[in-house]
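**Q** What follows is the residue order along each chain.
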Amino acid sequence: MEGIIGGLFSSVLPVNLLYMFIGTFAGIIIGALPGLGATTGIALLIPLTYGMEPVHALLLAAGIYQGAMYGGSITSVLLGIPGTPTNTATCFDGFPMSQKGQSKEALGASLTASAIGGFFSCIALMFLTPLMSKIVLYFGAPEQFMMAMVGLGVIAASSHESLSKGLLVGFLGLVIATIGGDPMTGYDRFTFGIMYLDDGIDFMIIAVGIFGFSQAIAMAEEAQSISGDTKLRGRLMDGVKACFTHWKITLRCSFLGVLLGVTPGAGGSVAAMLAYSTTQATEKDKDTFGTGNIKGVIAPEAANNATIGSAIIPTLAFGIPGSATSAVLMGLLMIHNIVPGPRLFLDAGSTLYTFFWGLVWTCFAIVIIGLPLLRFFAKVTVVPYQILVPSIVILCALGTYSVRGYMFDVLLMFAFGILGYYLKKAHYPMVCFILGLILGPTVESNLWRSLIIYGDLSFIWTRPITLALAILLAAVIIIPIVKPHFAKKKGEEK
Amino acid sequence: MKKALAMLLVLVSAALAVYAGGSEEDLSKWPSKPIHIINQSAAGSGPDLFIRQMQPVLQKELGTSLVLESKEGSGGKLACDYVWNSNPDGYTILAHSSPLTTVTQISKDCEYSIKDMKHIASIDATPYAVIVRADSPIKSVADLIEYCKTNNASNANSGIGGAMFLQSRIMADALGIDYAEVPYNGGQPCTLAVMNGDVTFTVTSFDVVMNNNQVRALCILADERVAAIPDVPTIVEEGYTFPFLTMRRGLLAPAETPDEIVQKLVDAFEVALNDPSFTDYAAANGINLDLIFGEEYQALDAQIYDEIMQFVDYL
Amino acid sequence: MEGKRMKFEGVMAIVIAAIVAIICLDGILINKLPMEALRYPLFCAAVVMLTAAIEIVKAVRNGTGKQKPIHKNARNFAVAAALMVGYIILMWLFGFIVSSIALTIAFTVIYKMEKPVAINIGAAVVIIAVYFIFSRLLYIFLPEGLFFEWLF
Chain A
5 MEGIIGGLFS SVLPVNLLYM FIGTFAGIII GALPGLGATT GIALLIPLTY GMEPVHALLL
65 AAGIYQGAMY GGSITSVLLG IPGTPTNTAT CFDGFPMSQK GQSKEALGAS LTASAIGGFF
125 SCIALMFLTP LMSKIVLYFG APEQFMMAMV GLGVIAASSH ESLSKGLLVG FLGLVIATIG
185 GDPMTGYDRF TFGIMYLDDG IDFMIIAVGI FGFSQAIAMA EEAQSISGDT KLRGRLMDGV
245 KACFTHWKIT LRCSFLGVLL GVTPGAGGSV AAMLAYSTTQ ATEKDKDTFG TGNIKGVIAP
305 EAANNATIGS AIIPTLAFGI PGSATSAVLM GLLMIHNIVP GPRLFLDAGS TLYTFFWGLV
365 WTCFAIVIIG LPLLRFFAKV TVVPYQILVP SIVILCALGT YSVRGYMFDV LLMFAFGILG
425 YYLKKAHYPM VCFILGLILG PTVESNLWRS LIIYGDLSFI WTRPITLALA ILLAAVIIIP
485 IVKPHFAKKK GEEK
Chain B
9 MKKALAMLLV LVSAALAVYA GGSEEDLSKW PSKPIHIINQ SAAGSGPDLF IRQMQPVLQK
69 ELGTSLVLES KEGSGGKLAC DYVWNSNPDG YTILAHSSPL TTVTQISKDC EYSIKDMKHI
129 ASIDATPYAV IVRADSPIKS VADLIEYCKT NNASNANSGI GGAMFLQSRI MADALGIDYA
189 EVPYNGGQPC TLAVMNGDVT FTVTSFDVVM NNNQVRALCI LADERVAAIP DVPTIVEEGY
249 TFPFLTMRRG LLAPAETPDE IVQKLVDAFE VALNDPSFTD YAAANGINLD LIFGEEYQAL
309 DAQIYDEIMQ FVDYL
Chain C
3 MEGKRMKFEG VMAIVIAAIV AIICLDGILI NKLPMEALRY PLFCAAVVML TAAIEIVKAV
63 RNGTGKQKPI HKNARNFAVA AALMVGYIIL MWLFGFIVSS IALTIAFTVI YKMEKPVAIN
123 IGAAVVIIAV YFIFSRLLYI FLPEGLFFEW LF
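Residue numbers (this note's numbering), protein chains in the order written: chain A, 5 to 498; chain B, 9 to 323; chain C, 3 to 154.
Because the hints were derived from the structure by calculation, they are not lab data.
Mixed in with the good hints, there may be bad ones.
[Unchecked claim] Below, in silico cross-link-like pairs of lysine to aspartate or glutamate (EDC-like), each with a Cα-Cα straight-line distance of 16 Å or less:
no., chain 1, residue 1, chain 2, residue 2
1, A, K138, B, D143
2, B, K147, B, E69
3, B, K116, A, D202
4, B, K37, B, E69
5, C, K74, A, E287
6, A, K487, A, E287
7, B, K116, A, D203
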């Protein structure tokens with residue numbers, strides 16, 4: 005308890021607050037650039053922190069982490085380009101809102117949702133680590149498989165126009181996800197001998213292509229700015245208030261994110277996608293999702309920031325990173341002689357808790373820094389397309405190239421852009437494609453692993469968590485099919 | 009239209025001027041721009057952290073800044089290929105982990121091998137160990153053999169055809185036991201799999217037990233005990249001996265890098281690795297330092313390569 | 003069946019099926035992967051083919067002679083697509099700076115903007131600044147182009 009209180013007081017020292025704010029500001033900008041994210045940001049930070057006190061380095065990192073997770077949503081909403089993979093789901097409704105001239109509301113909502121989600125996550129980190137770290141021990145291959153299957157099952161629920169279309173692109177995503185090295189057999193699949201495909205196609209390449217690049221071409225074709233002739237309407241605070249009006253969604257998705265952050269095999273992108281899809285499936289106005297429903301912005305943004313604190317839990321408890329970003333964070337900690345593991349909470353004391361409180365305060369920092377910036381950024385949607393389109397194209401190329409440094413990736417992005425453009429014209433739900441892409445590898449490898457370990461499918465009913473998830477899967481698939489049936493029947497009876 | 013063309017011409021010349029800045033290098037002025045160290049594993053992993061720890065001293069010794077890039081994937085081959093094909097001017101170095109690289113090169117039929125690359129420094133020698141869950145009933149090698157006979161035992165490895173897989177197969181043959189091989193994406197998920205009970209054990213570098221009380225080392229796969237965990241017996245003590253793989257993390261340069269530059273790198277690393285800032289870090293994290301430089305390292309790697317070639321049937 | 007054209011969605015279904023078929027071709031013909039590695043991807047590919055068939059049938063049934071054109075403004079689209087292709091080729095050959103500046107110039111000329119000189123110079127400044135920020139600060143080296151690599 006002392007550590008917590010000591011950390012609290014230490015974290016509000018002006019010097020420390022300054023570091024937090026600098027980190028947050030840098031993080032927001034880094035996150036906003038597609039191709040760069042919290043992982044790169046913290047990695048770049050490490051050499052700069054050599055002379056610093058560990059506390060200051062950690063507070064900078066906390067700011068960057070929180071800021072980057074939020075910053076990616078700025079380009080998602082304004083330009084339709086995901087700034088980081090975790091913000092992909094935000095594009096689905098955030099960008100249509102900008103097109104309707106409601107960018108201020110969308111930005112305000114994503115800001116608030118991110119802050120709230122992050123807040124819950126960091127509180128969990130501080131008080132619930134011993135409890136939550138146990139989740140890691142209960143989530144083996146069968147559970148991860150079934151969880152990913154639930155995610156795929158949500159495809160059925162979210163393809164509201166037609167099931168076959170959703171399945172078509174969903175399974176396309178699954179197939180594309182198999183390109184690259186197969187961890188189970190060691191063979192490189194579907195690479196056509198091209199070395200660049202040996203590791204599969206990086207998610208950002210596809211996301212930037214399908215969302216950003218295709219929007220750019222569409223914009224050039226329609227010869228209009230993002231919001232067209234619609235005047236900017238709505239206020240920032242409307243978006244902020246929306247998070248509280250729809251408090252159930254905000255809370256639900258935050259909890260979902262906190263849980264998924266600590267779960268092995270799930271991270272920010274999975275959390276955001278699942279939050280989005282489940283919200284879409286369960287809300288009454290489900291058909292407006294994808295055309296600019298603010299709930300579709302609140303859900304993923306709450307979830308992805310909610311994975312921040314909980315992903316740090318297994319990192320600190322066992323030295324096993326819960327995500328790529330927490331892996332780099334662990335590196336930063338180790339260089340400053342804070343060694344993760346069971347001794348950590350006993351030894352490191354106030355530095356550690358100052359860091360935790362820093363994570364909490366940075367949630368507020370993004371709001372304080374974000375609000376003034378956003379009023380300015382929201383105007384991007386009225387910038388004439390002749391300037392915006394080349395800027396977006398350059399940004400997409402930049403972001404794609406930054407991932408691995410290969411021109412090949414840029415070419416692929418371009419190809420996916422064209423594909424995405426036509427798929428959207430043909431009304432295929434891209435949500436399903438992204439779900440298939442993200443969840444595919446988890447589904448396949450964990451299915452095989454479970455089969456190797458058990459020899460048969462018995463893991464589905466002999467393990468309680470897996471069984472519960474399997475029942476959930478059945479419900480997720482059956483309910484959307486059966487509900488309209490019952491509604492019809494009721495209508496007929498009347 | 010003419011205006012546009014004129015502007016384009018101006019631009020091309022401007023670009024030429026900009027690019028002309030970074031052109032041919034004079035050997036005697038090396039290093040005059042940042043040196044890139046390419047890592048086979050992601051940021052935050054072992055070799056990456058070593059370099060970051062050494063960075064201040066290295067940068068001072070070399071007189072230029074270091075840029076760490078991670079090109080993970082394909083079992084380390086992507087990073088290796090990249091460095092192999094890069095300009096041998098001393099600005100691109102590979103941070104690699106043997107025998108991972110060697111095993112990958114053999115199993116993927118690489119046209120070149122690390123024997124051909126210039127060796128700079130080897131940092132540590134981390135033996136493998138058999139890791140079980142802390143509460144596992146298996147307490148000795150004899151227990152393990154017994155368990156494998158009566159139950160469906162399983163081992164988590166970092167990928168079929170990888171180094172952990174190879175060591176596991178060699179051990180299985182030597183001990184005469186049979187168990188399932190469950191592949192995972194890399195080393196860390198393997199430890200996790202042991203922790204949550206999916207697999208019985210994993211054969212990996214022993215340092216995973218250092219900060220994790222959920223797992224313990226059953227025995228070390230080496231001839232001698234390890235200073236960091238002195239209570240763990242070696243498998244030799246328990247009566248079995250067979251070829252052991254040792255994880256050695258080190259730095260390599262492309263084949264045609266001039267010898268003077270390699271020597272400068274060797275000297276700089278010698279200073280950085282012996283500096284207390286690194287040795288203290290190593291001690292705190294249980295890293296078994298085994299510093300070998302230049303030609304000695306080259307000879308060692310060649311020997312390891314030949315040893316591993318003997319096991320090509322397993323791969 | 004006269005005058006019945008497939009709805010565009012059917013066309014895309016065919017495209018997707020074709021893409022999946024080509025991808026699988028590598029596993030079956032070129033690299034000849036073992037069955038173990040192919041089971042799962044082929045299963046997914048089969049589902050793709052099945053749903054594509056469903057979509058194609060639906061599209062043919064619901065197709066009509068007249069349809070809304072796919073491209074709202076085909077000329078704009080063609081021009082934009084050509085510009086993008088040009089941009090990528092230029093980037094590959096001449097690097098980031100040249101291709102990006104060329105793109106902005108092309109846009110101001112083709113889409114007839116006011117004050118093209120001012121805009122292009124501003125854009126050029128930003129682009130060059132971005133190049134240096136990325137290389138000096140973030141150590142991400144943007145493409146230099148084959149042409150310049152050949153020169154030096």
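**Q** Report the numbers of all earlier hints that the structure fails to satisfy, in ascending order.
**A** 2, 5
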